[in-house]
Amino acid sequence: MAFWDKIRETPAGAEPRGVLGWLHVALVPLTLTAFVGLWALVVRVLEYPAFILPAPDRVWVRFLVLAGDGTLGRHTLVTVGEVLAGLALGTTVALVLGFVLSRSRALERLVAPYLVASQAIPVVAIAPLLVIWFGAGATSKVLLSAMIVFFPILVSTVAGLRGSDPDLDDLMRSYQATRWQTFAKLHLPTALPMIVAGVKVGATLSVIGAVVGELAGSDRGLGFLVKQGQGIYDTALMFVAVIMLVVIAMALYGFVTLLERPLLAWRD
Amino acid sequence: MGRQRGGPVIELRNCSKRYPSQLGQAAVDALEGVDLTIRPEEFVCLLGPSGCGKTTLLKAIAGLVSLDEGEVYIDGDLVTGPGPDRAMVFQDFALLPWADVVTNVAFGLELRGVPKATREKKAFELVQAVGLAGFDHHFPRQLSGGMQQRVGLARALAVDPQILLMDEPFGALDALTRRLLQEDLLTLLDRRRKTVVFVTHSMDEAVRLGDRVVLMTPRPGQVRDIVEVGLPRPRPPDLEKHPRFAELLEYLWQQLREMRP
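Chains as they are written, first to last, in our numbering: chain A, 9 to 276; chain B, 2 to 262.
Keep in mind that the hints are not guaranteed to be accurate.
[As the list claims (entries may be wrong)] Below 27 Å or equal to it, Euclidean Cα-Cα: the simulated DSS-like pairs (lysine-lysine) are: (1) B/LYS195 / B/LYS117; (2) B/LYS195 / B/LYS123; (3) A/LYS193 / B/LYS117; (4) B/LYS123 / A/LYS193; (5) B/LYS195 / B/LYS122; (6) B/LYS122 / A/LYS193.
What the hints contain is simulated information worked out from the structure, not anything from laboratory work.
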């Protein structure tokens, strides 16, 4: 079972679990253990040097050292800050623009080609440019993260706000609902599941934007640690940083999913 | 608007509506020169095959569709849009999936700014009246189709309209549920005199419910015939044994057969 399904699962004890049920719970730890075991085996049997593929225990020790002297925490906080700011900025802009575009087909026709074109530009390619413009600080990373987050949320917002049942639009009109009422009581609740789905996608992407920015030029953050590790062939350090990035993305996704549950309770 | 007694008169004068051609589809003459007068408190059924403009006609009365030609008058006032004197019941129920039964029933009142306590009291009464007592806080997807349409009916009645516009309301239901809802609708209307315009493609349903049946032809949508039902009210449970019932069905069937392309 994928972990995103696990998050949505009913709390333990809510339903009787058979052997299969317990297997489901144990599945992720089991596969993870198997994966790490396989990794350790490959390193031992093929005798890779540590700078090519460090063994799991080596990565673990590196993690403990980095966590112990506060390096890991400091750089992680930097990246998390950039990611959260980028996600917030990208989501806000996407929601506002999505609302405007959903109201006007003409405006959408005018703006859509530019929006799509902007998505054809690889973030990696403009990251150095943004670093030149906004410096090596957090601003360029927040902007890159926001840019990458923005599009999926915009698309889902426009589609969601336009996706109401035509009968329900007739219903609103037949009751002479005001524009505001139609938006607040029909279009927004209709769009909410799609918007949340867009934010989920955005949340995982936001990490990519920030890291690409850090790789392009910075002196802190997990992306910086990856680059540092590369420079001195400290592969274990790179592993630690990458694993931390995965953890951040998963935590964000899980957090949005938790928000989703009370919001969309009527669907369960 | 409207008189104290007797309810409003609906007049359709020379109504025409053409849907322009769209990608790969020819233009459709949904209505052409339809004249019809609906009497106060009358139950009129619009009967015809699919695509004969019945729904367009209903939506024109609702003020949801603008006509290319002709006018709709309610008590002599030209219809230019929806109004509080009319309420719709939809074929696919059109309930808010995220709102429970009471909230759905109270929705029309909510949009009109009726305070929460007042509107929920009224909604609660109507939920009982349509036979859904105990389901107040169920969500639409937890209800069967028949129950969902009871909610749709209660919602329309909640705003106390003079005119009830019903667009194949029982078309999506199985035969048994449909019969039960037909009976319950008539019972509900016995206690609340309303003018009803009821779109259906079932001859049986039209004869069971209507005072008159307006038979429409497809493309262009025109009135072919208007039949006085003339069956007793309240309608007896063994209506099908009434000789007039069989006679009407036979007549309508002949007419519909001749319309076959």
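ask   = Tell me, which hint numbers fail for this structure?
value = none
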